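Since the structure of chain A is provided, determine the placement of chains B and C on it from the hints.
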Amino acid sequence: MSEHGEGHSESYQRIRSKKRLAEILEVATSFEQKAYEFYTSLIPKVSKRIRYLVEELAEEEKGHYEMFSGLASNPDIVALLRDEIETPVEDHKFSDHIHLPDLGENPDDQAILQYALSREDAAMKQYRDLADHTGPGAIHDLFEYLANEETKHKRELEAMYYEIVHSGGP
Amino acid sequence: MRPENYQAVNHPPSNEYELNFGPNHPGIEGNYAFKVKLNGDRVLEARADGGYLHRGFEKLMEGRLWIQNIALVPRICVPDPVPMEVCYALAIEELCGLEVPERAQWIRVMQLEMSRVAAHLFAFGGHAATTGMYTPMFWGIADRDLILDRFEELTGGRVYHIYNIPGGVRRDLPEGYLGRLSGLLDYLESRLPDYDNLFFTNQVFVRRARDVGTMTQAQALKWGVTGPNLRATGLALDVRRDDPYLVYGRLEFDVPTEAGGDALARNLVRRSELQQSIHILRQVIDRLPEIDGPIRCPIPNPLAWNVPAGEAYTRVESSKGELAYYVVSTGGGKPYRVHVRGPSSMHAVQVLERLAVGSRLEDIAQIMFSLDACPPEVDR
Amino acid sequence: MSGISYKSKGSILNPLKNLAFLGRGSVTEPLEPREASANYRGFHVNDWELCIGCSTCQKVCDNAAITMVKIPGLPEDPVKGVRNERPAIDYGRCCWCGLCVDICPTGSLALSREYVHTCREDELDSYFVLPDPNGIHGHYFPKGWDKSVDADLVDLERQPMTEMESGERIGSFAEIVAGYSDQQAIIEASRCVQCGMCHDSCPTHMHAPEYIRAIWEGNLDEAVRQIYRTNPFSHICGRVCTRRCETACSIGRRGDPVAIRWLKRYAMDSVSDERVREIAAEGKVDYLTGRKVAVIGAGPAGLTAAFDLVKKGHEVTVYEALEKAGGMTRYGIPEYRLPYDRLDADVAVITSLGVGIRYNTRVGRDVTMQQLQQEYDAVLIALGLQMGRSTRIPGSDHENVRRSVELLRMITEGEKFDIPDSAVVIGGGNVAMDIARSLARLQRQAYGEVRVTVVALEDFDHFLADPEEVKEAREEGVEILDSRGPKGCVIDGQGELQGLKTLGVLSIFDEKGRFAPSYDESDEQFHPGHMVIEAIGQMTDTALLGDKLTEQLEWNRGRLRVDEEGHTSVSWLWAAGDMVTGPDVVHAVADGHRVAASIDSTLAD
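Chains as they are written, first to last, in the numbering used here: chain A, 16 to 185; chain B, 11 to 390; chain C, 28 to 632.
Read the hints as simulated data drawn from the structure, not as lab findings. Quick caveat, the model's predicted, so the values are computed rather than measured. Worth double-checking, as some hints may not be accurate.
As the list claims (entries may be wrong) - Label-pair distances were calculated between CB atoms; the ranges are:
#1 C:Pro42 x B:Asn49: 32 to 40 Å
#2 B:Arg220 x C:Pro42: 43 to 51 Å
#3 A:Lys140 x C:Asp550: 19 to 27 Å
#4 A:Asn121 x C:Phe553: 53 to 61 Å
#5 B:Leu231 x C:Arg281: 27 to 35 Å
#6 B:Leu231 x C:Lys36: 52 to 60 Å
#7 B:Arg347 x C:Gly119: 54 to 62 Å
Don't be surprised by glycine CBs; every beta carbon is placed ideally from N, CA and C.
Chain A with its partners taken away, still in its complex shape (with noise of 0.2 Å):
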């Protein structure tokens, strides 16, 4: 939905090269952890009002860090981390997104949301491509588990979005 939609282009050419598993979920992880930063340096900057929100997707992002990191010490995945996979050339959207935008003093609720969301789709659009990439095996099913991890946490967000903008709302 193009409303929160914004950073990533409609489409994009699938011209691809190798990478090691090593180096994306090195920049994954770091994509969240910029994230976590991100939303953790916006609390103090939020109403009170508001600050549950940004609290809450910090925790979240948080979240996500923590099992990137997990991930990198599990010896399944060290034995892996080695392997080359395909993958877009064009992967811009974690960098998109690590390259964090400015919400301006005193953001509100519906700007945070909409950056979040937006967010949340990029990254699950990158693993379900990393997953349609790999062909079946650990790989495969890692990045499956990860893409369906963000969309989980994107449905959440999106039904918090219209709980918040088109009902009233908290």
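Positioned in the frame of chain A, the structure of chains B and C alone reads:
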């Protein structure tokens, strides 16, 4: 019980004595009683006593919603409850200006006549029993039960039908009902020769009932006698014919009379009326299927029903005589006053007390039954 | 005359006639159990699923044979009009008249064809029975006397309300609904069975059975008195209340619920404003407590609290940012639904009791919270939801993309704006209908024709606006499209707004049943309009609190955290109304009472 009836009296030496007759006497209807003064077995004086059981209906009605009384009024005459329901409903309909649909009027006539047949079967069954003839009583009650079966089918209740409601009746006829009613009438007609043989023309009964409890037409009129008891003195007065209500004006029937004015004459009038009722029911069975439409006009929510202020006097011909309701409303949700003119209140008190005098002790019960006096109507 | 030959003595052989009976059976009834007739009035059966515990059977019972018994474990939901009580019958009193069946609003009660019950002396209690569908001895008997159209004593049809025809009403903002005549009101009031479900479901627990009864009795002063026991916004609630009472009404189980809202309106319209003021003043204490309370916001919640507090002898000052009182009821609800003079009448009752309202005084600008804190013993904020949310779709920052609350306020104030010859409204609630229908009227006046399109996310099965709003909007020429999600505003090369693009909605709920639409990207539509109005969510502008107080207060997911009595985490501050409970007039009134009681008891300490 009237206390004055039961005071100890110091009798002068004589052949006269007092006897409490009833209330637990098989020849007395319900919980009725007499205090009779006798010389030998000849009655010198009789005082009627209605007892406490069937009392206070009128007062009770003042404390209940208009609609709630429909469950109370049939109790004022157990053997013939329908006229009570209809007469009460008619009074409220008059006060409220409710137009009872035609179909409901025909259904009401049907029930009224069914009730009359049932009541008459009960009455001469009872009369027979007071003369020691128990078979007609068994027959009468058993055949009455067949009418109650039809009542049960129509109204859901065998004895207290609670079926007539201001504005009409509560249910339409069940499928095939008139056919079954017609079959019942055929049966009852086929029974009449048996009844005649056993009872109405049986000289044992005829001789026993003749010249018992005789009153003249003049006496009857003076004492407020109505119904079969009046017609048995030769005067053809019948509310159905003289002041037609519902659809009686459109029905053909005779008003049978007898000249004797005694217990026998009263009994024979009922026997003839039973036949007339069957005749009326046949006409209803013919006409009712053509009359479509609702069985009740719209009525207000019973919990929010104020009957317009005013008074209404409605009367119908019950099996006992002229039954009337005098209802006064002050515009409230309950009646201000309801007075019931139960025909038996005359028959069972002033008439019976007079007719008993000069008769023999064994005839008191017969006289009461020949008058078809219904104790609950006496002291409503 | 009778033709009965009783005079003939007959033959000596007459007794021989009795030989005819030799072969005939006697007239007897069999001793076996006898099946009752199809509408027999035997012991009660009650369908507990259908029964709502309204106790109407008890009220009509002529022998007081029915007792309502509380059954723990059965559902109890005042909002839906369900109590966990069921009728129990004392068969020592019951006369089986069946009036309870005929008047039962739900049709749950019936009489069965079971009629035999005997017991030993020590089981006399067994005549007191709680009927359920299984019969009193647990053996199935078919239903006998049951609900039938013939015998029904419940009036299922509501008195029709006269309304202006669409062609007539679209020409102006005149009130559409005519109100009941005396006769209609009495008939409508007479439909009530006094079950009190309405009272239980009403957020402010209005004494609806009492005022309906008073209307039926023609005692309109008493009706107003009953109304004012719980609701000083009675003209307003008589017109625009969300009327949960009618949802809960037991007559509504099988028919039209009693028109409780219109009856309230009738009572209020029938009594002169002066008399209403006298009645409302009854019970006001004749002393002053010396305590001062400030109320921020002259809407239903704030003024209800002010009404209660001033009657208890406190001095109440209301601060209102706008020119007139009423809050969203004035600035959000169009005049054709709620005429301003009726609103003025409600407000006048409250001011007549001594509540002072300072109009055009915005807290945060003209006076600070700190000043209020110092000057008053207690402060109540009842701000309402006066800010409209934006979809923030591409192009939504265009100057002709407007918020519905803002436009409705301008229409109320008579502020001029360029009336668009065509407009698209985003939203499917009553506010969307309000702005669409208001614009339709303005368009009709300016251009002679109506070109308003409403696009809503919800499908018509889950529509938010009242069905009659949708029906009337359509009659007035408004086009309403369901299941459309806004995609972007279309702006041409000259920077002019041309309309709105929407996508079809595939589903509006996620797997957990929460509202989260998904869209069909291939189903795109364009709706032309020189103005786009966003009528989606609303929010409270809490900026007036200032940063310090905002930090000091506790919050609950975007709303002020208050306790059950409306007290915030700051001792001198209470909050009430839409900003706490969400948008609804009668909830705001209920909240006003609750908070006033809390403030009063705190001040009394």
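To see whether the hints hold, each was checked on the structure:
1. Between Pro42 (chain C) and Asn49 (chain B) the Cβ separation comes to about 37 Å, which falls inside the hinted range of 32 to 40 Å.
2. The beta-carbon spacing between Arg220 (chain B) and Pro42 (chain C), approximately 21 Å, falls outside the hinted interval of 43 to 51 Å.
3. Between Lys140 (chain A) and Asp550 (chain C) the beta carbons are some 21 Å apart, a value that agrees with the proposed interval 19 to 27 Å.
4. The beta-carbon spacing between Asn121 (chain A) and Phe553 (chain C), approximately 36 Å, falls outside the hinted interval of 53 to 61 Å.
5. For Leu231 (chain B) paired with Arg281 (chain C), a C-beta distance near 55 Å fails the hint of 27 to 35 Å.
6. Hint check: Leu231 (chain B) to Lys36 (chain C), Cβ distance near 34 Å, so the stated range 52 to 60 Å is violated.
7. Look at Arg347 (chain B) against Gly119 (chain C): about 29 Å separates their beta carbons, and that is not inside 54 to 62 Å.
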